[in-house]
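S.K.: Position chain B relative to chain A; hints supplied.
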Amino acid sequence: MDRYEPIIGLEIHVELKTLSKMFCGCSSDYFGHDPNTHCCPVCLGLPGALPVPNKKAIEWCVMLGMALGCKIPLFSKFDRKNYFYPDLPKGYQISQYDKPLAINGKLSFSYKDDKTGKIEKRVVRIHRVHLEEDTGKLLHAKVNAKDCTLIDFNRSGVPLVEIVTEPDIRSSIEARGFLKKLYQVIRYIGISDADMEKGSMRLEPNISERKIGEGDLPKYKVEVKNINSFKFAKKAIDYEVKRHTEILEKGQVPKQETRGWDEKKGVTFSQRSKEEAHDYRYFPEPDIPPIRWTEKYLQSLKESLPELPGEKIARFMKEYGLSEYDSAILTDEVAVANYFENSIKMGKDIQPKTIANWMINKKVTIEKVLPGEFINQIAKTLKKPAMDEKEVVDIIKQTISENEKAVQDYKSGKENALMFLLGQLMRKTSGRIDAETAKKLLKKNLG
Amino acid sequence: MLVDLSIYELSDGLRRKKFSAKDIVKECYEHIERFNPTVNAFITIRDKDTVLKEAEEKDKNITFDSPILYGLPYILKDSYNTKGLRTTAASNILRSYIPPYNATVYQKLLDVGAILIGKTNMDAWGHGASSENTDFGPVKNPWDISRVAGGSSGGNAAAIATRMAVFGIGEDTGGSIRNPSSWCNTTGLKVSYGRVSRYGCIAYVSSFDTMGPMAKTVQDCANILEVIAGKDPYDGTSSPKSVPKYSDHLTNPVKNITLGMPRECFGEGLDSEIRKLIYDAAKEYEKLGITIKEISMPMLQYGVPVYYVIGTSETSTNLARYDGIRYGQGRDKFSKETMRRIMLGTYALSSGYYDAYYKKAQQGRTLFIKEYHKALSECDAILMPVEPMPATKLGELINNPIQNMLADIYTCQTPVGVPSLALPCGFTKDHLPVGMQIVGKMFDESLLLQLGYAYQKVTDWHKKSITL
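Residue numbers (this note's numbering), protein chains in the order written: chain A, 1 to 447; chain B, 448 to 915.
Bound-form chain A, shown alone:
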């Protein structure tokens, strides 16, 4: 039987957290506010109103493009994407068609293969990054016992960045790895919370399959919409891949269509077929003059980009002598990385490596403990005389007798139980021994 490989591309929408909306002065911080309280003639699309683009949003989109290694063309423009939907007050969305703000990038990332446990490295090419406006939101409700659809325009006109990858992804775990990295980059630049539960980051995988060994892209693809978590993206891809394989094995070709994701049932369902596909009648938005960059201005935007995750990892390894693994953990969130570096500044006589170990092993709550306090805690412990082995063994014995169930579990082969016992032990010794030694002694005493 032929074997198939998935061909996956991703489209990701991210709402920018600029203070105002994309084309008007309304606050873009709409989440959780009363319906239709963040609106004006522009974002309601009232007769005669005109859009004026948000400079910050354009610059942030370009900066994201730069962070994704894209080329920034010196000319860009907005276009009208025409379609009718009740949540679209103008009857068209202001978007970008053939001259997006950023093109031809790539993003490298690594992920852990669930099956092999190995760390894999990948590069996915970025097709384009463009800017558009978000739509309103439909609410299906009962009003005076009648089924109605209500429209909330608070979200209408919120700046939305669309990132489109090339179809370079070959598995659902790879897709998840890419998305996590993209999420990290967006949070690093600080242009969006990318909070999927609030809908400020939305995922749309495009999936198809071809026979292994075939070079051409399949003649069809299926787009899955409405996905709001990395977990669901993975599940939806897995579901689709299985579905396509079954169809292909029957000698048929899956239908080109748009499908929705039902998170309760864990299945995708058909929404719109190719025949019903829109002709969006794109044409240049006449209300907004085109954008012409100077090299100098782009350079200044590039210089305003913060240090990105990859660069930070490399620097942590070089500057603080940390392993790649530790550096990756400490740079996962920029807040954690900053906390780490602030702690280093505070605790001049403590080795960065020690601070790193404390942060990684003790899971310090960075929101609650200030770097200064944290350094004091480390310093205090470091001053305590090291325990001798006998003292440690006594505490181990005490720990073993107090946790018979865990000991039983360990002996029956549950590795987790050892970690639990180690945790208990570390608490009793207030961190006066290092975890590696403690683990060795614990194992020895458990027999």
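Read the hints as simulated data drawn from the structure, not as lab findings.
Heads up, the beta-carbon is just placed ideally off N, CA and C, and yes, glycines get one too.
It cannot be assumed that every hint is accurate.
Take a look, some chain A residues computed to stay more than 12 angstroms from chain B by CB distance [to be verified]:
(1) T37
(2) P53
(3) Q256
(4) D287
(5) E373
(6) S412
(7) M419
Interface residues of chain B toward chain A, partial, derived using beta-carbon atoms under 10 angstroms [stated by the list, open to error]:
(8) S798
(9) W908
(10) S912
With a straight-line cut-off of 30 angstroms between C-alpha atoms, the simulated DSSO-like cross-links for lysine-lysine are [stated by the list, open to error]:
(11) K115(A) to K274(A)
(12) K77(A) to K780(B)
(13) K56(A) to K688(B)
(14) K55(A) to K678(B)
(15) K806(B) to K137(A)
(16) K99(A) to K555(B)
(17) K806(B) to K17(A)
(18) K688(B) to K296(A)
(19) K688(B) to K146(A)
(20) K312(A) to K181(A)
(21) K99(A) to K807(B)
(22) K56(A) to K555(B)
(23) K806(B) to K77(A)
M.R.: This is chain B only, laid out in the frame that chain A set:
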């Protein structure tokens, strides 16, 4: 009659308390009551007592420093949003629409203390050259009520011709200010694209629409333009170019100016009486020391197709918002002419046709722009007719969609964006007014106004008024 006076004279008289704003307003309402039932220039007339009270207020507060338009009654084409006052664009779709905000031009006029007395009739959405494509009944030409007033800003021109207001604000996309001005013996200025903010004026063709003054004289237009022009943070296409004090430059000498007359504008298709009247005007200009030069603009004939392909494309999406969900009226309420334009534009933008129509038209537009640049490098401004014929009979244009579009032959240089001043230059044997237009370089409104002012100093066509 007070309303026969110029803006300058009225403003001066108000300051010197020779008469009051209330007197002027009263006179306007007298004319409205007398003429409007026949010419149908208005869609909405503001309550007379309310407006008279506003006038009293102005009279009380006027000082010698008050702006020139302070206390003067005026009218707005019904495409301008006026907060709390119905704005229909002459379509049943917006029959009961009361906007929650003000167009920038209206706000500016409010700020300088001008008094709005009503919203005028027009071709719905700007779709027309006769003010017959309106759901509020056609506007009739005050010079001959069996004829149209021109369009799309027909209500403004008819009202100014009958002195129902001191001045008006129109909107010109493909001739909509100049055409009715020329057919009603009034003066109107189509400004350079970007000179005046478009914010709050219901869009017809976003990349051609211009907001401009309509009045009795060139001098009045200058006084109005310097109030409404300028950069607007709400309109990204408005120009940051500084606004000259046009009225101060009106008397600048026009000697040594060269006026070009394109051969192609005076050939077949042009009414012979109109041709003669414009030649006469050229002679007047020669007497003023101006050089008249024949030029050639062979691309001229492509103006109408370029204008209508891009125009209908844009209007088809500008009108998409009236999808039946929000404004209380279904799409079936669009008029036939408007539906035709929506269909044409939708077709031109459709995949598979885009390259053949929309894209081709944009390429044509580029050539057209070059043609005008070339012509305007050979002369300082271009003198040409506004319309190929005098005001048509009611029903003639609206029932002949092609003829309706071809009527724009001389005014559809809007894809170029250049300014153009239309002013009266005589009458046909049947006593129908004829206008001419002077087209200038981008943002060269000053020169156009100087040329128009010089002409109106030595002629009195613009002073002829109506006996209905």
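S.K.: If a hint holds in the structure, say so; if it doesn't, say that too.
M.R.: Evaluation of the provided hints:
| no. | hint | result |
| --- | --- | --- |
| 1 | T37 | 14 angstroms, holds |
| 2 | P53 | 7 angstroms, violated |
| 3 | Q256 | 16 angstroms, holds |
| 4 | D287 | 5 angstroms, violated |
| 5 | E373 | 48 angstroms, holds |
| 6 | S412 | 66 angstroms, holds |
| 7 | M419 | 59 angstroms, holds |
| 8 | S798 | 5 angstroms, holds |
| 9 | W908 | 35 angstroms, violated |
| 10 | S912 | 33 angstroms, violated |
| 11 | K115(A) to K274(A) | 36 angstroms, violated |
| 12 | K77(A) to K780(B) | 34 angstroms, violated |
| 13 | K56(A) to K688(B) | 24 angstroms, holds |
| 14 | K55(A) to K678(B) | 17 angstroms, holds |
| 15 | K806(B) to K137(A) | 34 angstroms, violated |
| 16 | K99(A) to K555(B) | 36 angstroms, violated |
| 17 | K806(B) to K17(A) | 36 angstroms, violated |
| 18 | K688(B) to K296(A) | 25 angstroms, holds |
| 19 | K688(B) to K146(A) | 55 angstroms, violated |
| 20 | K312(A) to K181(A) | 14 angstroms, holds |
| 21 | K99(A) to K807(B) | 19 angstroms, holds |
| 22 | K56(A) to K555(B) | 29 angstroms, holds |
| 23 | K806(B) to K77(A) | 16 angstroms, holds |
In this structure, the earlier hints numbered 2, 4, 9, 10, 11, 12, 15, 16, 17 and 19 are contradicted, and the remaining ones agree with it.
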